[in-house]
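The listed protein sequences correspond, in order, to chains X and L. Just so we're aligned, residue 405 is where the first sequence starts under our numbering, counting upward by one. Just so we're aligned, residue 208 is where the second sequence starts under our numbering, counting upward by one.
Check the hints yourself; a few may be wrong.
What the hints assert, rightly or not - Below 27 angstroms or equal to it, Euclidean Cα-Cα: the simulated DSS-like pairs (lysine-lysine) are:
{"id": "1", "chain 1": "X", "residue 1": "Lys545", "chain 2": "X", "residue 2": "Lys597"}
{"id": "2", "chain 1": "X", "residue 1": "Lys406", "chain 2": "L", "residue 2": "Lys333"}
{"id": "3", "chain 1": "L", "residue 1": "Lys297", "chain 2": "X", "residue 2": "Lys734"}
{"id": "4", "chain 1": "L", "residue 1": "Lys425", "chain 2": "L", "residue 2": "Lys230"}
{"id": "5", "chain 1": "L", "residue 1": "Lys297", "chain 2": "X", "residue 2": "Lys406"}
{"id": "6", "chain 1": "L", "residue 1": "Lys333", "chain 2": "L", "residue 2": "Lys297"}
{"id": "7", "chain 1": "X", "residue 1": "Lys603", "chain 2": "X", "residue 2": "Lys510"}
Unchecked claim - Ranges between beta-carbon positions, derived for each pair:
{"id": "8", "chain 1": "X", "residue 1": "Leu415", "chain 2": "L", "residue 2": "Glu221", "range": "38 to 46 angstroms"}
{"id": "9", "chain 1": "X", "residue 1": "Asp804", "chain 2": "L", "residue 2": "Thr387", "range": "29 to 37 angstroms"}
{"id": "10", "chain 1": "L", "residue 1": "Thr274", "chain 2": "X", "residue 2": "Glu412", "range": "39 to 47 angstroms"}
{"id": "11", "chain 1": "L", "residue 1": "Arg430", "chain 2": "X", "residue 2": "Leu415", "range": "44 to 52 angstroms"}
{"id": "12", "chain 1": "X", "residue 1": "Lys422", "chain 2": "L", "residue 2": "Thr274", "range": "44 to 52 angstroms"}
{"id": "13", "chain 1": "X", "residue 1": "Val794", "chain 2": "L", "residue 2": "Thr387", "range": "45 to 53 angstroms"}
{"id": "14", "chain 1": "L", "residue 1": "Tyr218", "chain 2": "X", "residue 2": "Leu430", "range": "54 to 62 angstroms"}
{"id": "15", "chain 1": "L", "residue 1": "Gly254", "chain 2": "X", "residue 2": "Glu812", "range": "16 to 24 angstroms"}
{"id": "16", "chain 1": "L", "residue 1": "Tyr218", "chain 2": "X", "residue 2": "Val794", "range": "37 to 45 angstroms"}
{"id": "17", "chain 1": "L", "residue 1": "Asn395", "chain 2": "X", "residue 2": "Val754", "range": "54 to 62 angstroms"}
{"id": "18", "chain 1": "X", "residue 1": "Asp804", "chain 2": "L", "residue 2": "Thr341", "range": "32 to 40 angstroms"}
{"id": "19", "chain 1": "X", "residue 1": "Leu430", "chain 2": "L", "residue 2": "Arg276", "range": "50 to 58 angstroms"}
{"id": "20", "chain 1": "X", "residue 1": "Leu426", "chain 2": "L", "residue 2": "Arg430", "range": "49 to 57 angstroms"}
Derived by calculation from the structure, the hints in this document are not laboratory data. Beta carbons are placed, not taken as given, at the ideal position from N, Cα and C, and that holds for glycine.
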Amino acid sequence: MKLDDMLEYVLGSLQADKRRSLMSSLGIIIGVVSIVAMLSVSEGLYSGVSERFSDMDVDLINVRPGTDMGPGGPGGPDDRPSSGPVDPAELSGKDVTLIENVVGVKEVYPLKSNRAKLSFRGDNASVSVIGVSPGNHNDLKDAIAKGRFLVGSDSTAAVLSYDLAVGYFRMDISPGNWITLYSEDKDRQLDLKVVGILKEDEDPSYGSDTGVYITHSAMEELLDVDGYSYSSIVVRAEDSSQVDPLAEEIDDDLARIHKDEGYSVEPTASRFESMLEVMNMIKYTLAAIGAISLIVGAIGISNVMTLTVRERIREIGIMKSIGATSREIKLLFLMDAGLLGLISSLVGIVLGSAVAGLVGSVAGLPSLVTVQSIMVGLSFGVLSTTIAGVYPASMAARLDPIEALRTE
Amino acid sequence: MKRITSIVELYGIERTFGSGENKISILKGIDLSIDRGEFVALMGPSGSGKSTLLNILGCLDRPSRGTLRLFSRDISSVSEDELAEIRRLKLGFIFQSFNLIGRISVLKNVEMPMVLSGMPRDERRKRALDLLETLGMAHRIDFSPQSISGGERQRVAIARSLANDPEIIIADEPTGNLDTKNSLEVINILSDLNRGGKTIIMVTHNPETTKNCSRVIKLRDGRIMEGAS
Ligand SMILES: Nc1ncnc2c1ncn2[C@@H]1O[C@H](COP(=O)(O)OP(=O)(O)O)[C@@H](O)[C@H]1O
Ligand SMILES: [Mg+2]
Numbered sequence: 405m406k407l408d409d410m411l412e413y414v415l416g417s418l419q420a421d422k423r424r425s426l427m428s429s430l431g432i433i434i435g436v437v438s439i440v441a442m443l444s445v446s447e448g449l450y451s452g453v454s455e456r457f458s459d460m461d462v463d464l465i466n467v468r469p470g471t472d473m474g475p476g477g478p479g480g481p482d483d484r485p486s487s488g489p490v491d492p493a494e495l496s497g498k499d500v501t502l503i504e505n506v507v508g509v510k511e512v513y514p515l516k517s518n519r520a521k522l523s524f525r526g527d528n529a530s531v532s533v534i535g536v537s538p539g540n541h542n543d544l545k546d547a548i549a550k551g552r553f554l555v556g557s558d559s560t561a562a563v564l565s566y567d568l569a570v571g572y573f574r575m576d577i578s579p580g581n582w583i584t585l586y587s588e589d590k591d592r593q594l595d596l597k598v599v600g601i602l603k604e605d606e607d608p609s610y611g612s613d614t615g616v617y618i619t620h621s622a623m624e625e626l627l628d629v630d631g632y633s634y635s636s637i638v639v640r641a642e643d644s645s646q647v648d649p650l651a652e653e654i655d656d657d658l659a660r661i662h663k664d665e666g667y668s669v670e671p672t673a674s675r676f677e678s679m680l681e682v683m684n685m686i687k688y689t690l691a692a693i694g695a696i697s698l699i700v701g702a703i704g705i706s707n708v709m710t711l712t713v714r715e716r717i718r719e720i721g722i723m724k725s726i727g728a729t730s731r732e733i734k735l736l737f738l739m740d741a742g743l744l745g746l747i748s749s750l751v752g753i754v755l756g757s758a759v760a761g762l763v764g765s766v767a768g769l770p771s772l773v774t775v776q777s778i779m780v781g782l783s784f785g786v787l788s789t790t791i792a793g794v795y796p797a798s799m800a801a802r803l804d805p806i807e808a809l810r811t812e
Numbered sequence: 208m209k210r211i212t213s214i215v216e217l218y219g220i221e222r223t224f225g226s227g228e229n230k231i232s233i234l235k236g237i238d239l240s241i242d243r244g245e246f247v248a249l250m251g252p253s254g255s256g257k258s259t260l261l262n263i264l265g266c267l268d269r270p271s272r273g274t275l276r277l278f279s280r281d282i283s284s285v286s287e288d289e290l291a292e293i294r295r296l297k298l299g300f301i302f303q304s305f306n307l308i309g310r311i312s313v314l315k316n317v318e319m320p321m322v323l324s325g326m327p328r329d330e331r332r333k334r335a336l337d338l339l340e341t342l343g344m345a346h347r348i349d350f351s352p353q354s355i356s357g358g359e360r361q362r363v364a365i366a367r368s369l370a371n372d373p374e375i376i377i378a379d380e381p382t383g384n385l386d387t388k389n390s391l392e393v394i395n396i397l398s399d400l401n402r403g404g405k406t407i408i409m410v411t412h413n414p415e416t417t418k419n420c421s422r423v424i425k426l427r428d429g430r431i432m433e434g435a436s
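Looking at chain X on its own, in the form it has when it is part of the complex (with noise of 0.2 angstroms):
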């Protein structure tokens, strides 16, 4: 027997029981949409878990205050037992001299971040902004643009975000322009010169992407408050292979003048590494998920597939009577299994794009629909559904053809 008469013959039957078709189906294309779908959607929540992470900077540290646990509890780099609720510690000027005495550490960065509402030209909104010791950002200056980047002295100028400046209000803001910041608590305003713009998609991991960027004297005057104390410390160590031992240091050197108050020394890669490691673990869960219930499908498929074979048993021995051999009636069952996989595949990977499109935009999840998700949704699709037909299939060519005509 030919291929193309095995092929006519398998789309024949299939033709000829829709509804055993459609039912057989509905199990794999359910379980193929899952696939994908799920696939596709922990794809995009990981790309777009990786893109913010991608371009971060291997070799920083990050310094917070903490509340809820002792110097080196969880989170830091050692293993030291917590003691307990504490209050957080207030990191000041003399944090950031001795990290700066700390060998191996290149850069500090004391940092006070807040959000404000900006006005512009008449229109308003909320921002990041960050106060920031200008005379210690060399990765600020060389990422400026437009204009110059703050110096020590300035406390009413600052350095936009260029996707702040660009594009943001309605009128771009240029080197020159002034812009106004209002404290969201207190009624406090400032009136602040831009200086600088930074490059297209160069702020830094610790800043945002639409951030101002002012000085410490000019975040102070914003913030009125009593004890300005800094929100982190983001240290740039000299080699970034040294991260993890430069952070363990910083944080028995911390833990001499932070007795019984809380904070935490982590170097950001690490953060984004055990992040990585929880999108990882969703991903295989989720593709788990379809995995069972195509599995179920398969189950389906092979009980369908052997009422059929029951159905056909008088067909089957016709066909050995006028000379079909077991391994034709076997072969004829498995293109009947695979092709019904196929198509089922097809269908629930088209199903499955459009479900995991429609969860991305409900959930506003970022859905990603790669070419590896089709071909794992395809190759389970049809691997299953021929493996669920290898038992019907083989019942069929080891029928007995005179035992099989005598059936009714």
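Position chain L with the ligands relative to chain X; hints supplied.
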């Protein structure tokens, strides 16, 4: 002289079913030879083993004991696939209950043996149409076998049995489900085929259907009573 032209030879064929206490012997030592071009009728009471014998001759079943030679070749020990090939190319079956595939057309049913033997599409279509035409079924080619009469079904089945131009036609009560008129027509068709050179082995209950037969073999209780050679 006779040996040379025998295309079916049976020596001591036995067929038992079951095992142990439930073992029953249906064919109890059949010796038989049939020559090329014969039209043999196989008769006997119901349950005497006619169908069992025909199934063995038709390579659908294997004897429990004894030797079967077809076309001067011992086929007692050939593989399943070779038996299938003999059925496909050398034998044509006609059954009492027609055994057509209901979900495909009359034409496709007649084409099926040629599909199995790998005949090109155009060639097999033409041959199927010719056969159906000869048997007066040209007007039914696109019908489902389920929507035509019994007499018509048996003509389609005969057309199918002739598809690969077999040497032997094996017919198990081909007129068993037909009225007198249709029975007569089927017997006439078979007689014509026999005159055209086909060897025919037919089981029948009706003595009237044997008038054109070259020989009548009588079977009783698994043994041949008369007509063995
Ligand atoms: N597979 C089988 N197992 C057990 N008994 C069988 C089997 N096939 C046939 N028989 C028995 O063999 C006997 C002869 O059957 P069969 O050859 O069909 O008779 P006939 O065609 O002459 O009426 C019957 O009694 C039948 O029940
Ligand atoms: Mg019988």
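Results of checking the hints against the structure:
1. A threshold of 27 angstroms between alpha carbons decides the hint, and for X:Lys545 with X:Lys597 the separation of about 17 angstroms falls inside it, so the pair holds.
2. Among the hinted pairs, X:Lys406 with L:Lys333 is consistent with the structure: their alpha-carbon atoms are about 18 angstroms apart, no more than 27 angstroms.
3. A hinted pair counts as satisfied when its Cα atoms are at most 27 angstroms apart, and L:Lys297 with X:Lys734 qualifies at roughly 23 angstroms.
4. Distance restraint check for L:Lys425 and L:Lys230: the Cα-Cα separation of roughly 24 angstroms lies within the 27 angstroms cut-off, and the hinted pair is therefore satisfied.
5. In summary, the hint linking L:Lys297 to X:Lys406 is supported, as the alpha carbons are separated by about 20 angstroms, within the 27 angstroms threshold.
6. Pair hint L:Lys333 plus L:Lys297 holds up; C-alpha atoms about 20 angstroms apart against a cutoff of 27 angstroms.
7. For the hint linking X:Lys603 to X:Lys510, the alpha-carbon distance of about 23 angstroms falls within 27 angstroms, and the restraint holds.
8. At roughly 45 angstroms, the beta-carbon separation of X:Leu415 and L:Glu221 lies within the given 38 to 46 angstroms, and the hint holds.
9. Range check, X:Asp804 to L:Thr387: about 35 angstroms between beta-carbon atoms, so the 29 to 37 angstroms window is met.
10. Taken as a hint, the range 39 to 47 angstroms holds for the pair L:Thr274 and X:Glu412, whose Cβ atoms sit roughly 40 angstroms apart.
11. Between L:Arg430 and X:Leu415 the C-beta distance comes to about 50 angstroms, which sits within the given range of 44 to 52 angstroms.
12. Remark: the range hint 44 to 52 angstroms for X:Lys422 to L:Thr274 is upheld by a beta-carbon distance near 50 angstroms.
13. Between X:Val794 and L:Thr387 the beta carbon distance is about 50 angstroms. The supplied range of 45 to 53 angstroms therefore holds.
14. For the pair L:Tyr218 and X:Leu430, the supplied restraint of 54 to 62 angstroms holds, since their beta-carbon distance comes to about 57 angstroms.
15. At about 19 angstroms, the CB distance of L:Gly254 to X:Glu812 agrees with the hint of 16 to 24 angstroms.
16. Look at L:Tyr218 against X:Val794: about 41 angstroms separates their beta carbons, and that is inside 37 to 45 angstroms.
17. Between L:Asn395 and X:Val754 the Cβ separation comes to about 59 angstroms, which falls inside the hinted range of 54 to 62 angstroms.
18. Between X:Asp804 and L:Thr341 the beta carbon distance is about 34 angstroms. The supplied range of 32 to 40 angstroms therefore holds.
19. Hint check: X:Leu430 to L:Arg276, Cβ distance near 53 angstroms, so the stated range 50 to 58 angstroms holds.
20. Take X:Leu426 and L:Arg430: their Cβ atoms lie about 55 angstroms apart, and the range 49 to 57 angstroms holds.
Hint check: no violations occur; every hint is consistent with the structure.
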